[in-house]
Amino acid sequence: MDEEYDCIVLGTGLKECIISGMLSVSGKKVLHMDRNKYYGGESASITPLEDLFTKFGLPSPEETYGRTRDWNVDLIPKFLMANGQLVKLLIHTGVTRYLEFKSVEGSYVYKGTKISKVPADEKEALTSDLMGMFEKRRFKNFLVFAQDFKDDDPGSWKAVPGFDPINTTMNTVFAHYNLDKNTIDFTGHALALYRDDDYLTKPAGDTLKRIKLYSDSLARYGKSPYLYPLYGLGELPQGFARLSAIYGGTYMLDKPIDEIVLEDGKVTGVRSGGETAKCKQVYCDPSYVPDRVQKVGQVVRAICLLDHPISNTKDALSTQIIIPQKQVNRNSDIYVSLVSYTHQVAAKGWFIAMVSTTVETDNPEAEIAPGLNLLGPVKQKFVTVSPIYKPQDDGTGNQIFISESYDATSHFETTCLDVLSIYRRGTGDDFDFSKVKHNLGDEDM
Amino acid sequence: MLIEDNKFTGTNSERVMASVKVPEQKIILCGEYGVGKSSLFRRYATNTFVTATDRKSTLGLDHYEKVYCSGDKEVKLQLWDTGGMERVASITSSYYKFAEGAILVFALDNPDSFNILSQHLLDIVTYAENAKIFLCGNKYDLKSQIQVTDADMENFCEQCHNLISGIYKTSCKTGAGVEEMFTDIARQLSDSNRGLLYVLSMEMRELRSSGSMQNTVQSASFFTATHYAW
Numbered sequence: 044m045d046e047e048y049d050c051i052v053l054g055t056g057l058k059e060c061i062i063s064g065m066l067s068v069s070g071k072k073v074l075h076m077d078r079n080k081y082y083g084g085e086s087a088s089i090t091p092l093e094d095l096f097t098k099f100g101l102p103s104p105e106e107t108y109g110r111t112r113d114w115n116v117d118l119i120p121k122f123l124m125a126n127g128q129l130v131k132l133l134i135h136t137g138v139t140r141y142l143e144f145k146s147v148e149g150s151y152v153y154k155g156t157k158i159s160k161v162p163a164d165e166k167e168a169l170t171s172d173l174m175g176m177f178e179k180r181r182f183k184n185f186l187v188f189a190q191d192f193k194d195d196d197p198g199s200w201k202a203v204p205g206f207d208p209i210n211t212t213m214n215t216v217f218a219h220y221n222l223d224k225n226t227i228d229f230t231g232h233a234l235a236l237y238r239d240d241d242y243l244t245k246p247a248g249d250t251l252k253r254i255k256l257y258s259d260s261l262a263r264y265g266k267s268p269y270l271y272p273l274y275g276l277g278e279l280p281q282g283f284a285r286l287s288a289i290y291g292g293t294y295m296l297d298k299p300i301d302e303i304v305l306e307d308g309k310v311t312g313v314r315s316g317g318e319t320a321k322c323k324q325v326y327c328d329p330s331y332v333p334d335r336v337q338k339v340g341q342v343v344r345a346i347c348l349l350d351h352p353i354s355n356t357k358d359a360l361s362t363q364i365i366i367p368q369k370q371v372n373r374n375s376d377i378y379v380s381l382v383s384y385t386h387q388v389a390a391k392g393w394f395i396a397m398v399s400t401t402v403e404t405d406n407p408e409a410e411i412a413p414g415l416n417l418l419g420p421v422k423q424k425f426v427t428v429s430p431i432y433k434p435q436d437d438g439t440g441n442q443i444f445i446s447e448s449y450d451a452t453s454h455f456e457t458t459c460l461d462v463l464s465i466y467r468r469g470t471g472d473d474f475d476f477s478k479v480k481h482n483l484g485d486e487d488m
Numbered sequence: 023m024l025i026e027d028n029k030f031t032g033t034n035s036e037r038v039m040a041s042v043k044v045p046e047q048k049i050i051l052c053g054e055y056g057v058g059k060s061s062l063f064r065r066y067a068t069n070t071f072v073t074a075t076d077r078k079s080t081l082g083l084d085h086y087e088k089v090y091c092s093g094d095k096e097v098k099l100q101l102w103d104t105g106g107m108e109r110v111a112s113i114t115s116s117y118y119k120f121a122e123g124a125i126l127v128f129a130l131d132n133p134d135s136f137n138i139l140s141q142h143l144l145d146i147v148t149y150a151e152n153a154k155i156f157l158c159g160n161k162y163d164l165k166s167q168i169q170v171t172d173a174d175m176e177n178f179c180e181q182c183h184n185l186i187s188g189i190y191k192t193s194c195k196t197g198a199g200v201e202e203m204f205t206d207i208a209r210q211l212s213d214s215n216r217g218l219l220y221v222l223s224m225e226m227r228e229l230r231s232s233g234s235m236q237n238t239v240q241s242a243s244f245f246t247a248t249h250y251a252w
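As they're listed, the protein sequences go chains A and B. For the numbering used here, count along the first sequence from 1 and bump the result up by 43. For the numbering used here, count along the second sequence from 1 and bump the result up by 22.
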């Protein structure tokens, strides 16, 4: 490894792998290292099942769990928005051809004491118990406005008098359509996918764009706006790692990272044991630079192994349930996601549910109780509380560009925003998708 | 690339309809760095050979599809190269996923590249358990330097409990044996006498190729239509 590179990337989590791929595609000479023997870091899917049990200090799973090789368990639960940023990145970079996706069967929202399906078509909307008859009418008018909204076309703003996307708050828009608080809760949390209510007093344009993303994603496949890759989320970093390798990136796993070498306040290399690889830039996740990040919060996540689907979801083999903060007197939402053997992540007949939220108290596990209660009997539960780190600076000074920890959101939109921001800070340019050349085998793209 | 669940429960007639399309079969190249996997890929894809064995020769190689005729059946082989990841690190497990065939490649003049194949075999049976496995001794043109004998290869197959479906000797430099190998692999994969697992994986493949992220399925949506009645 005693060579000179343009960039050294540390850690093979999803963000680092996307960045590595983008840098290699842009013609940079990239060395990509991980201290672990496997790809994916925190975004890996754990297989076989005994590795997951070992990780949590438990004895090997009993035989009822089936073939342990059939399990690929994510540590961080997320879905892809069908029309979202990550799917765009996957398509533009051609990484789609390394992966197979399934559409998530349904999206549910918690209201009062039970869950209701987020309607995916007209028929479901008509019979939905989320709103009364008159409220449905008002909500329909609001949706027509959201659907037609374009932030650069004042003609599309007319339905709400005096509206403009920056100075009008979302509260004002909801008030104009006279929506009740349950509908607002449902719209802000299950459609716009906000984790708290701060958005209500912020510019309405952003919220309307999020609602459009939801509806455009839903329009793609009809059942829900979400996609999930076969064999688990760990396939995503691997796909981007392959992209990076195809464009010349060098991969080294199982490499202890002992020092990031700086001279005059700028990075000049990375030392592993007695070897030092030279470079002009380093890109890494927070775990490689504990003294250059700050803790800004915590996420609690419970991985639950079930031998049955979740009640009241029509036995869906995959689903998402959002518990809006207000429904359970919290400040941030609780997310429940469910995938199963049909996604090649569990042995036949098994399901993996994940319950997660941003930590607000000293007893994180108690905070996710409303989500755990929806699951029914749980065969095995693994709870983690993970700190969320942010870099102390933007990296342009010392040329060390650090990603943020994966947050509690249920999808990859913030993940992609962080990646694109890091790429912009590191290269001074927005990523140029046209740099992805057409190679042999591109015929299906 | 999107699997439609409802098709799994489709009727037989739907399945017959689906099988009219020529199915593509993912074949992966496995083996040590420098044995000529990318050269095999290049012979297969463009029938060319590059003498320089530097890193650059692997750059940009991803996968390539070609149609073979076996009797009255057509088979589309989709050959995948490693991308050079095995040079210092290991190959991602996702490389193996969905593979219907795997070619264990070694260099006939390099016994080490042959002796380590059991490691690669283990990866294949772990991550691509339905794949048919083939053995390919490359650099057959280096006649005088050949150190791995036919008996060695047969012994290896026996030790692997006959997991290996075919043995081939190729020279990417001259092109000898390459086309013959792929033709035979295509024949073996098109063989209809394979077990139920094969039939199922064929259906999976069909379904997988039937949907695509770019082919937007416009369905009656709760949100998009302005003409819905409540």
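Among the clues, some could well be false.
[Claimed, not checked] Derived CB-CB ranges, DEER-like: (1) B:Thr196 to A:Asp307: 51 to 61 angstroms; (2) A:Asp436 to B:Asp134: 28 to 38 angstroms; (3) A:Arg110 to B:Ser92: 55 to 65 angstroms; (4) A:Lys433 to B:Glu202: 33 to 43 angstroms; (5) A:Thr107 to B:Gln141: 43 to 53 angstroms; (6) B:Arg109 to A:Glu302: 48 to 58 angstroms; (7) A:Asp49 to B:Asn69: 31 to 41 angstroms; (8) A:Leu101 to B:Cys91: 45 to 55 angstroms; (9) A:Asp297 to B:Val72: 30 to 40 angstroms.
Think of the hints as simulated: they come from the structure by calculation, not from any bench. Ideal placement from N, C-alpha and C gives every residue a C-beta, glycine not left out.
Exercise for the section: Just tell me: holds or violated, for the beta carbon distance of A:Lys433 and B:Glu202 against 33 to 43 angstroms? Expected result: 59 angstroms, violated
Exercise for the section: For the range 51 to 61 angstroms, tell me whether the beta carbons of B:Thr196 and A:Asp307 fit it or not. Expected result: 55 angstroms, holds
Handout entry: Verdict for B:Arg109, A:Glu302 (Cβ pair) under range 48 to 58 angstroms
Key = 24 angstroms, violated
Practice task
Using the beta carbons of A:Asp436 and B:Asp134, state whether their distance is inside 28 to 38 angstroms or not.
Solution key: 48 angstroms, violated
Handout entry: A:Arg110 paired with B:Ser92, Cβ distance criterion 55 to 65 angstroms
Key = Given range 55 to 65 angstroms: violated, Cβ gap about 33 angstroms.
Practice task
Could you see if the CB distance from A:Leu101 to B:Cys91 stays within 45 to 55 angstroms?
Solution key: Because 54 angstroms falls inside the window, the suggested range holds.
Practice task
Hint says 30 to 40 angstroms; check whether the CB-CB distance for A:Asp297 and B:Val72 agrees.
Solution key: Roughly 31 angstroms apart at Cβ, these two residues keep to the hinted range, so it holds.
Handout entry: Range hint 31 to 41 angstroms (beta carbons of A:Asp49 and B:Asn69) holds or violated
Key = 35 angstroms, holds
Problem - A:Thr107 paired with B:Gln141, Cβ distance criterion 43 to 53 angstroms - result: Violated: the Cβ-Cβ distance is about 32 angstroms, outside 43 to 53 angstroms.
Consistency with the previously given hints fails for numbers 2, 3, 4, 5 and 6, ordered from lowest to highest.
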